[in-house]
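Chains as they are written, first to last, in the working numbering: chain A, 1 to 326; chain B, 327 to 498.
Misleading hints may appear alongside valid ones.
Incomplete in silico selection of chain B near chain A, CB under 10 Å [claimed, not checked]: (1) T375; (2) G410; (3) L445; (4) V454; (5) H458; (6) L497.
In short, the hints are calculated from the structure, not lab data. Note that the Cβ used here is the ideal one computed from N, Cα and C, for glycine as well.
One-letter residues, chain by chain:
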Amino acid sequence: MPDSCLRSSVEKPVQEVLPVLPGNIRRLLDRLPETFLEQVEEIRLRQGRPLALGLARKDVFVSNDGNITGSASEAYLVTPADIDRLVQVISNSSLYALEEELKNGFLTLPGGHRVGVSGRAVMEKGKVKTLKHLSCFNIRISKEIIGAADAVLTHLVDRNRSTIYHTILVSPPRCGKTTLLRDLIRQISNGAPGSGLSGFTVGVVDERSEIAACYRGIPQRDVGMRTDVLDGCPKAEGMMLLLRVMGPQVIATDEIGRQGDIAALEEVMNAGVKVLATVHGSSIAELADRPSLAYLFRLRMVERFVILSRSRGVGTIEEIIDGKSL
Amino acid sequence: MFKLIGAVMVIVAAGLAGMALANAYARRPKELRQMRSALQMLETEIAYTATLLPDAFSQISLRCEQAVARLFDRAAAELKKMSGCTAREAWEAGINEYSVGTALTESDLSILRNLGNSLGVSDQTDQVKHLHLAMEQLKATVEKAEEEATRNVKLWNYLGFLGGLMVVLILY
């Protein structure tokens, strides 16, 4: 099986994030060595608590004098003023325009980085209407890796019918599944002569703005030239919408799992449109235990399962399974 | 002869000074009304289209009266610099620019300054509430300013000339 370790091709994505941070925090981070900053995957700010940086395997605090520390007592504590300023900058001074985003608990920055937000939920008719008193922020630095799918793509091309197989990427969280999906979408959309693939029209339902990382509707990531992105739309509804109006040859989406998603997927496959999706899990056996996915297996329509892990670094491809052999 | 020229100059100068004062009284209700209608536009942008504040400011600066436009233009520019400045700071910068040469008094400007504290930091309903409050306050101020204008415009128009005339008579 192919073995590929993902490396970021975008230079210093963390530099895109620093400008949204309050000035004093930005100055603290500026003092850190650049090689260290590049490994940072998350920046976490919680009001009154230590400023934390998430790395691949652990998290560290930043001290008052701009050094890395493991002890919370030396760490810089995030002030209410820091939080205020952060909210203003990430919301473009327009919190009122972000009610929908707050309801979902995240917003997207220019450059496609996601900020997870939590605070106090405001309820209306038993549902979250919006959040207020925002106090915890997780800025996830999104890394685009061009070429992440090179090794996999050849296994997903149906050379006899010059198209791709219905494919599901299976992976636990943070193993590079969205990154892989994004690059697959880009290559399928642009065409990959090396794998004998001409370009396809791809429709992407990007419910959580993770794949194309749209900022005001414009993809911030390279998702290919024949790709239409439906941003922020529930998957099942979105797939039907794209199927009806955009005439896609391939429909891609992230993290399927609910009954409705599977039904929509079935409909898409029956319409002769190829499917590319991801699902949380670490093995086929584990997936088969989930009722909605067990139904998907019984349909026997998915032709390829790609299993990812972190065993040899983020984005390790453990196995590619032929759906017909199951 | 020189005395006569001097006398005419005193009268003209005093008259013009009076007229300038009268003019400020007359301009104040007008500018207050313009400011109020600009805030009305801001309310529409926020409540109906949820336009982002920097964009809303630039659009309003294009549509509203020139004097008021300076405030919005400057505030939009500050926000678009992406220098990490908050809406309150940008609004404050706009007010400082606007306050030069305006007929508005310090207490009028403080209504706007108060509004700045809440711009952009809460949900739509709350934003609308704060805008309504500012508009109501401006409306009350307009009424007062109009009363003052009717009293003072005529007064100062005459008082300037008459004052000049009196000085001339005393000195002549």
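Quick rundown of the hints versus the structure:
1. T375: holds, 9 Å
2. G410: holds, 6 Å
3. L445: Cβ of B:L445 sits 7 Å from chain A, so the hint holds.
4. V454: Holds - the Cβ of B:V454 comes within 10 Å of chain A, reaching about 9 Å at its closest.
5. H458: Because about 14 Å separates B:H458 from the closest Cβ in chain A, which is outside the 10 Å limit, the hint is violated.
6. L497: violated, 59 Å
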